[in-house]
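S.K.: Sequence:
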Amino acid sequence: MKTKPEPKVALRLVTFTRDASFHLNGDELVVTHAPRAHTDGDSIVEFRKSNVIHMGDTFFNKMYRSSTPRAVAASPACSPRQTA
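Quick note on numbering: our numbering labels position 36 of the sequence shown as 36, and the sequence is numbered without any gaps.
One should not assume that every hint holds.
As the list claims (entries may be wrong) - Restraint-style ranges between C-beta atoms, simulated for each label pair:
| hint | residue 1 | residue 2 | range |
| --- | --- | --- | --- |
| 1 | Leu11 | Gly56 | 35 to 43 Å |
| 2 | Lys2 | His23 | 23 to 31 Å |
| 3 | Lys62 | Met1 | 15 to 23 Å |
| 4 | Pro5 | Asp57 | 20 to 28 Å |
| 5 | Asn51 | Met1 | 44 to 52 Å |
| 6 | Thr3 | Arg48 | 14 to 22 Å |
| 7 | Lys2 | Lys62 | 39 to 47 Å |
| 8 | Ser50 | Met1 | 36 to 44 Å |
| 9 | Phe47 | Leu13 | 31 to 39 Å |
| 10 | Lys4 | Ser50 | 37 to 45 Å |
| 11 | Lys4 | Ile53 | 15 to 23 Å |
| 12 | Thr3 | His23 | 18 to 26 Å |
| 13 | Val45 | Met1 | 15 to 23 Å |
| 14 | Glu6 | Gly56 | 34 to 42 Å |
Hint data in this document are derived by calculation from the structure and do not stem from the laboratory. We treat Cβ as the ideally placed atom computed from N, Cα and C, and that holds for glycine.
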């Protein structure tokens with residue numbers, strides 16, 4: 001089965017390989033690339049003003065992701081985050 005290409009509107013507007021920050025609706029979003037997470041394109045998004053972190057598939061509640069022990073140990077999702 002051959003898959004048709006996605007329309008241009010579906011393509012990414014922003015790509016990054018390190019941390020990035022954006023401003024949206026009065027909040028600062030700090031995006032951290034998580035290279036050894038669920039996939040190589042995962043990231044963690046911190047909404048600073050709202051004090052919310054969106055981790056997507058880098059965090060599973062009450063279980064570890066199915067990955068190698070080395071990747072799990074290196075994942076930011078398995079390390080406690082210190083806040084000031």
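S.K.: Run every hint past the structure and note whether it holds.
M.R.: Here is what the structure says about each hint:
{"no.": "1", "hint": "Leu11 / Gly56: 35 to 43 Å", "in the structure": "violated, 20 Å"}
{"no.": "2", "hint": "Lys2 / His23: 23 to 31 Å", "in the structure": "violated, 41 Å"}
{"no.": "3", "hint": "Lys62 / Met1: 15 to 23 Å", "in the structure": "violated, 37 Å"}
{"no.": "4", "hint": "Pro5 / Asp57: 20 to 28 Å", "in the structure": "holds, 25 Å"}
{"no.": "5", "hint": "Asn51 / Met1: 44 to 52 Å", "in the structure": "holds, 45 Å"}
{"no.": "6", "hint": "Thr3 / Arg48: 14 to 22 Å", "in the structure": "violated, 38 Å"}
{"no.": "7", "hint": "Lys2 / Lys62: 39 to 47 Å", "in the structure": "holds, 40 Å"}
{"no.": "8", "hint": "Ser50 / Met1: 36 to 44 Å", "in the structure": "holds, 42 Å"}
{"no.": "9", "hint": "Phe47 / Leu13: 31 to 39 Å", "in the structure": "violated, 19 Å"}
{"no.": "10", "hint": "Lys4 / Ser50: 37 to 45 Å", "in the structure": "holds, 38 Å"}
{"no.": "11", "hint": "Lys4 / Ile53: 15 to 23 Å", "in the structure": "violated, 36 Å"}
{"no.": "12", "hint": "Thr3 / His23: 18 to 26 Å", "in the structure": "violated, 35 Å"}
{"no.": "13", "hint": "Val45 / Met1: 15 to 23 Å", "in the structure": "violated, 34 Å"}
{"no.": "14", "hint": "Glu6 / Gly56: 34 to 42 Å", "in the structure": "violated, 20 Å"}
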